[in-house]
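Keeping their order, the protein sequence lines are chains V and W.
Under the UniProt record's numbering, the final residue of the first sequence carries the number 366; numbering is consecutive throughout.
Under the UniProt record's numbering, the final residue of the second sequence carries the number 369; numbering is consecutive throughout.
To be clear, the hints were calculated from the coordinates, so they are not data collected in a lab.
Think of the CB as a built atom: it goes at the ideal place given N, C-alpha and C, for glycine as much as any other residue.
Fair warning: there could be bad hints in the mix.
Unchecked claim - The calculated DSS-like cross-link candidates involving lysine-lysine, where the alpha carbons are at most 27 Å apart (straight line), are:
id	chain 1	residue 1	chain 2	residue 2
1	V	K251	W	K254
2	V	K141	V	K180
3	W	K338	W	K326
4	V	K296	V	K323
5	V	K59	V	K32
6	V	K146	V	K132
7	V	K342	V	K296
8	V	K215	V	K180
9	V	K215	V	K143
10	W	K338	V	K251
11	V	K35	W	K345
12	W	K51	V	K35
As the list claims (entries may be wrong) - Not close to chain V: a few residues of chain W, all C-beta gaps over 10 Å, as computed:
id	residue
13	P28
14	G62
15	R168
16	E206
17	R237
18	L309
19	L321
20	K338
21	I341
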Amino acid sequence: MGLAENQLCFDLIEDWIRKNPIASICTAEGVKNFKDVAIFQDYHGFSEFRKAIAKFMSKVRGGRVTFDPDRIVMGGGPTGANELVMFCLADPGDAFLVPSPCYPGFVRDLGWRTGAQIVPVHCDTQQFQVTKQALESAYEKAKNDKINVKGLLITNPSNPLGTTLDRETLRNLVSFVNDKNIHLVCDEIYAAAAFDFPSYVSVSEVIEEVENCDKDLIHIVYSLSKDMGLPGFRVGIVYSYNDAVVSCGRKVSSFGLVSSQTQHLLAAMLNDDVFVSNFLSESSKRLKNRHDYFAKGLEEVGINCLKNNAGLFFWMDLRRLLKEQTFDGEMALWRVIVNEAKLNVSPGSSFQCSEPGWFRVTFACS
Amino acid sequence: MGLAENQLCFDLVQDWILNNPRASICTPEGVDEFRDIAIFQDYHGLPEFRKAVAEFMGQVRGNRVTFDPDRIVMSGGATGAHEMVTFCLADPGEAFLVPVPYYPGFNRDLRWRTGVQLIPVHSESANNFKVTREALEEAYEKAQEENIRVKGLLITNPSNPLGTILDRETLRMIVRFINEKSIHLVCDEIYAATVFNQPPFVSISEIIAEDTDIECHTDLIHIVYSLSEDMGFPGFRVGVVYSYNDAVVNCARKMSSFGLVSSQTQHLIAAMLSDDVFVTRFLAESARRLERRHNGFTRGLAQVRITCLESNAGLFLWMDLHRLLKEQTLDAEMALWKVIINEVKLNVSPGFRFIAPNRAGSAYGSPAV
Numbered sequence: 001m002g003l004a005e006n007q008l009c010f011d012l013i014e015d016w017i018r019k020n021p022i023a024s025i026c027t028a029e030g031v032k033n034f035k036d037v038a039i040f041q042d043y044h045g046f047s048e049f050r051k052a053i054a055k056f057m058s059k060v061r062g063g064r065v066t067f068d069p070d071r072i073v074m075g076g077g078p079t080g081a082n083e084l085v086m087f088c089l090a091d092p093g094d095a096f097l098v099p100s101p102c103y104p105g106f107v108r109d110l111g112w113r114t115g116a117q118i119v120p121v122h123c124d125t126q127q128f129q130v131t132k133q134a135l136e137s138a139y140e141k142a143k144n145d146k147i148n149v150k151g152l153l154i155t156n157p158s159n160p161l162g163t164t165l166d167r168e169t170l171r172n173l174v175s176f177v178n179d180k181n182i183h184l185v186c187d188e189i190y191a192a193a194a195f196d197f198p199s200y201v202s203v204s205e206v207i208e209e210v211e212n213c214d215k216d217l218i219h220i221v222y223s224l225s226k227d228m229g230l231p232g233f234r235v236g237i238v239y240s241y242n243d244a245v246v247s248c249g250r251k252v253s254s255f256g257l258v259s260s261q262t263q264h265l266l267a268a269m270l271n272d273d274v275f276v277s278n279f280l281s282e283s284s285k286r287l288k289n290r291h292d293y294f295a296k297g298l299e300e301v302g303i304n305c306l307k308n309n310a311g312l313f314f315w316m317d318l319r320r321l322l323k324e325q326t327f328d329g330e331m332a333l334w335r336v337i338v339n340e341a342k343l344n345v346s347p348g349s350s351f352q353c354s355e356p357g358w359f360r361v362t363f364a365c366s
Numbered sequence: 001m002g003l004a005e006n007q008l009c010f011d012l013v014q015d016w017i018l019n020n021p022r023a024s025i026c027t028p029e030g031v032d033e034f035r036d037i038a039i040f041q042d043y044h045g046l047p048e049f050r051k052a053v054a055e056f057m058g059q060v061r062g063n064r065v066t067f068d069p070d071r072i073v074m075s076g077g078a079t080g081a082h083e084m085v086t087f088c089l090a091d092p093g094e095a096f097l098v099p100v101p102y103y104p105g106f107n108r109d110l111r112w113r114t115g116v117q118l119i120p121v122h123s124e125s126a127n128n129f130k131v132t133r134e135a136l137e138e139a140y141e142k143a144q145e146e147n148i149r150v151k152g153l154l155i156t157n158p159s160n161p162l163g164t165i166l167d168r169e170t171l172r173m174i175v176r177f178i179n180e181k182s183i184h185l186v187c188d189e190i191y192a193a194t195v196f197n198q199p200p201f202v203s204i205s206e207i208i209a210e211d212t213d214i215e216c217h218t219d220l221i222h223i224v225y226s227l228s229e230d231m232g233f234p235g236f237r238v239g240v241v242y243s244y245n246d247a248v249v250n251c252a253r254k255m256s257s258f259g260l261v262s263s264q265t266q267h268l269i270a271a272m273l274s275d276d277v278f279v280t281r282f283l284a285e286s287a288r289r290l291e292r293r294h295n296g297f298t299r300g301l302a303q304v305r306i307t308c309l310e311s312n313a314g315l316f317l318w319m320d321l322h323r324l325l326k327e328q329t330l331d332a333e334m335a336l337w338k339v340i341i342n343e344v345k346l347n348v349s350p351g352f353r354f355i356a357p358n359r360a361g362s363a364y365g366s367p368a369v
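Chain W extracted, bound-state conformation (with noise of 0.2 Å):
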């Protein structure tokens, strides 16, 4: 329960994989490739590697958009996704926006190698923690006074660790603000299939397709993939970098040779990407299962009285147990989580681990678990 893994379709996998010997280099069927495989390490990938992630991209997000497989560059995993992109747009010491709260993870894979600073943008669990222009305009203006470069704002949408998507008009808002600043925007969409209720998700990459209202200049949209969370692959390590921007494309590009993803796994997933019936099928009821257990898990803790942010996406539930701190600080949710992990012996994440590691000593958000 600690880790955000989707381990709700192996059966289809599984049952894809026996009928469709061929995607693998090691069956009887399939080993006549295995050379030819082996043997490949071009960076930019199997052509039919990117072709399938591309289509597979654009039927999780409903057909709605297409993308195009020679902007697909391959990084180790979304952790390599995130580095590689940041190293591509920022140099040491400049700053990305980060809306809080986020994925702890980020605090390592974006700073650490890169020198970038993260800046947090506030949010309430009054408003259901929505990021808002005023936030946004707040932490660029900070880091205007302390003289930080900022170079781009990050969103994880649907968002780890809330479960939530972000609506039509805060992606608009977005898009207005970063273009305004003339900073870049990363997009991060791993758990784009995981969205398994109303409303629907919205994808960046709709609203510079279609709300062509808006102006936007494409080169400063990316956005980092992979299959890590919604196919439940975290170990096969397929990250993705896709950028409207032909020069961070070229750059990642020769950046992912720092880790490609095997060729015995494009291969694999080539295959079971391009089968538009499994897809289909797989992204439907994957759906379905999460749904159906995120209800399950709900009524579960709504029967002892523990209410979780309302979320239609993610792996994950975003629990708000301050009534059971003894007080509301953060030694408190400490406290609690202690007891939690050691007691009740369930593995869950204390909320502060998702907030920006402060330099002023007070907390950001409430210390909602």
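Only chain V is shown next, with the shape it has when bound in the complex (with noise of 0.2 Å):
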């Protein structure tokens, strides 16, 4: 219940396995193609598998836009992506402002190693919602601390809130960083673990809608460990409308490419239409039975959670148990819950959430 993990669909990928041996190097089928694929190390990865992640990556978002496969980029993981697209766009003391709470590896995949520092923007904990009054105002503090923005950072769906930002949000941040002409980078690794309504809205959809817009500033970070519950294959993806950034990126993919074996099993299993249907749609159902189920249960116990239509996770609500409110009384609360009520939850402080009392329980695992 910690880690953020999506493990209710094997059972289909087993399926899948057994059903197409020649997906492996290694089965009888498909050993023919192992030498082949062991010394492949082209940094542009298979064009099979780049074809696939780019379909995949549509039909995620409902095939209502397209991906073009030259511009996938390969990342060790999401963290190697995340942290591929950052020494790309920016330099070592420059900033991305990011909403607050967000996924605490930030700070390491984002700054360790670039030199890049996070500016968090922070939003009101009713709703959390990224408003243009919050991005400016955290904006303009870091260019009064003489700070150089370089872009924003938006997850969506988010970790830790599991909401998805809706059409107009979208379109105001495409325009807020038109304006300030910086960088959006979207990590949307858990877009097909948006179960509910409202429907997803990925930034690849608004950005023809905003007049003007800079393509050059957009830029997608996209995984397969959240979306098919494979974290272990370290397959990492960034997807930009600059070629510039493609180019670059390309270049330092070389310190954290996939796995040319795992390519090889992923392109098959993606490029299975059938198959990649049928997943997205059970996958999608069983995310929100297990979640609904959850919900009905915290309820009955009087734990409140924001509403959420997507993710692996619930972002709960304990405002009111905690004895002072404080984050030294979250954190006491936290070590109650994972100590004597044995639950592994997150506390919010992790996220850099503002406000304490919030904690991040996970209801996707087997």
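Using the supplied hints, reconstruct the complex from the two chains, each of which is provided in its own coordinate frame.
Put into structure tokens, the structure is as follows:
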């Protein structure tokens, strides 16, 4: 319940694997490909892999947009992909605005080796909306502190909130970055974990709607870690609308390419349209079932959560259980939950939440 | 003929794979492990993987030394391993000494994102490009004069592009040198299993284990390894940093998050390299086939009066074509290279690529291809 893992659909994948032995270089049917796959180290990746990923990304977005395989760049999992795009866009000392609460790993992924900074954008703790005011305020403060803001990073669907951004908000974000001439990096690694209304909208769907949108500013980070439940396979993707970033990113990807063995397997799997359609709809269904079951259970014991339609977790409101409304109070409660209730949950402070008392609990473990 | 790839033993590997279906998470026999492997993202790596790689590294060195699985850190191929260890050891602006000629990718791998500099250590064709104490001292002093902080020395043993190994005396000299200067020693041993002839390979790990007459702070010693060349699996991106320094192991482990080995591949490699019978046979056969191929090539080259540096390792030959140059300059080397590529249609790499980008405009070493 601590790590955000999607373990609900392995049966579908295992079934596909049994029926498609040629996808592996280790089966009797597939071993003839072993050598060609094992020696393939081109940082472009297999073209079938890029094609399959592009198709998958499109299907995850309901076929409403298409992706160009030649813009697919590999990264070492979403961790490597986020760092890769940061290296391409920011110099040491430059900053990215990041709405909080946010994934704790961003501090390391975006800033450790790059030298880039994160400037948190604090959202109200009623609905945690990313408002234009909050963005402008964070941007202005950074400017006053003489920090060079290079971009804005959003996670949609959100970790830890499990909510999706509506179309209007996305359009505002795209307008905002265009006004300021800064980059927009959209971490969409939970895109297929949107299981309920309102429907998911990707930034790729919105960029055509915003007048004079400079597409060179738009970049997507993707991965199969969450949507397919394959974090061990380290499939990170950077999709950039900016040619220079694609070019640079490709060279940087040498430091964290996806294993050719894994590329080969996933190329076959994700090129299977019937499998993918069935997987996505079944995954969505199971996530919703699991979510609703958990939500009911939490409600029964009087625990409120932020209403959410995506992700693999709940954002629980435990403010009224704190002995004191402080982060120390939050940590004290966290220790009780972990040690005595034996539930592995994550305290809101680890997500840079500005108000104590919120906790993330995951629901998609097997 | 351009890329250094080892394609000689795939029949052995494929045979093993067919006989060991449980090594894969995609065979009927192995798919029951699929989900546990697919969700495994711990940056320590599968313990069986680390154990198997440690054992393999020991066997490659004739079991003269053993390696501790807890010091094995994964990275994105040898490329990622080099960058990672450089990030751990040096800050932007600091430098590593690197004997020339060296693998051209070092200019990117060690410098690009780290901001670290490379300082070439001069060598001469006259003494077969040996790494000498004088050359090391000269490079070190030059850096001091230019106020560049030298953090370490990187050696590649066996050497790319020379295909030679460092003898024990040279290794001992190097260990003394880095200890006196209190700088790190990174040993790229990614061609260790491609040694196919005498003299026998000596790894840095053997020096620090056996040559206890030399004062050595093992905190300064780090090995970069990979399965790309020894096993012919560059696509699998199996890079390894093995450090005798606990702080480096700790730091590198966290940093490895940016380029872990796919758990699917870890699982396969763990099974394969844990099979002692297979590994013993593979290493012996690989060396035998490399030697045969090497001898066949050198004989053929000798027949057209092309000599090569005498070598006993690696996947390449360091050809001496200087008598074919119109003039003994780098421009003439480029011109000859274009002829070889375009007209003879042979993909070879010209020597200038392996010589450090120098700032003074003069050539280090001779323009030997």
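Evaluation of the provided hints:
1. V:K251 / W:K254: Between K251 of chain V and K254 of chain W the Cα gap is close to 23 Å, so the pair holds against 27 Å.
2. V:K141 / V:K180: holds, 14 Å
3. W:K338 / W:K326: holds, 13 Å
4. V:K296 / V:K323: Measuring from Cα to Cα gives roughly 26 Å; hence the hint holds.
5. V:K59 / V:K32: violated, 31 Å
6. V:K146 / V:K132: holds, 21 Å
7. V:K342 / V:K296: holds, 20 Å
8. V:K215 / V:K180: holds, 14 Å
9. V:K215 / V:K143: holds, 24 Å
10. W:K338 / V:K251: Holds, at roughly 25 Å.
11. V:K35 / W:K345: Given that 27 Å is the threshold and the Cα spacing comes to 24 Å, the pair holds.
12. W:K51 / V:K35: holds, 25 Å
13. P28: violated, 6 Å
14. G62: The assertion about G62 of chain W holds, with a minimum of 25 Å to chain V.
15. R168: holds, 33 Å
16. E206: holds, 29 Å
17. R237: Nearest chain V Cβ is 5 Å from R237 of chain W, so the label is violated.
18. L309: Answer for L309 of chain W: holds, closest chain V Cβ roughly 26 Å.
19. L321: holds, 28 Å
20. K338: holds, 24 Å
21. I341: Non-interface label stands for I341 of chain W: nearest chain V Cβ at 19 Å, farther than 10 Å.
When held up to the earlier numbered hints, the structure conflicts with 5, 13 and 17 and fits the remainder.
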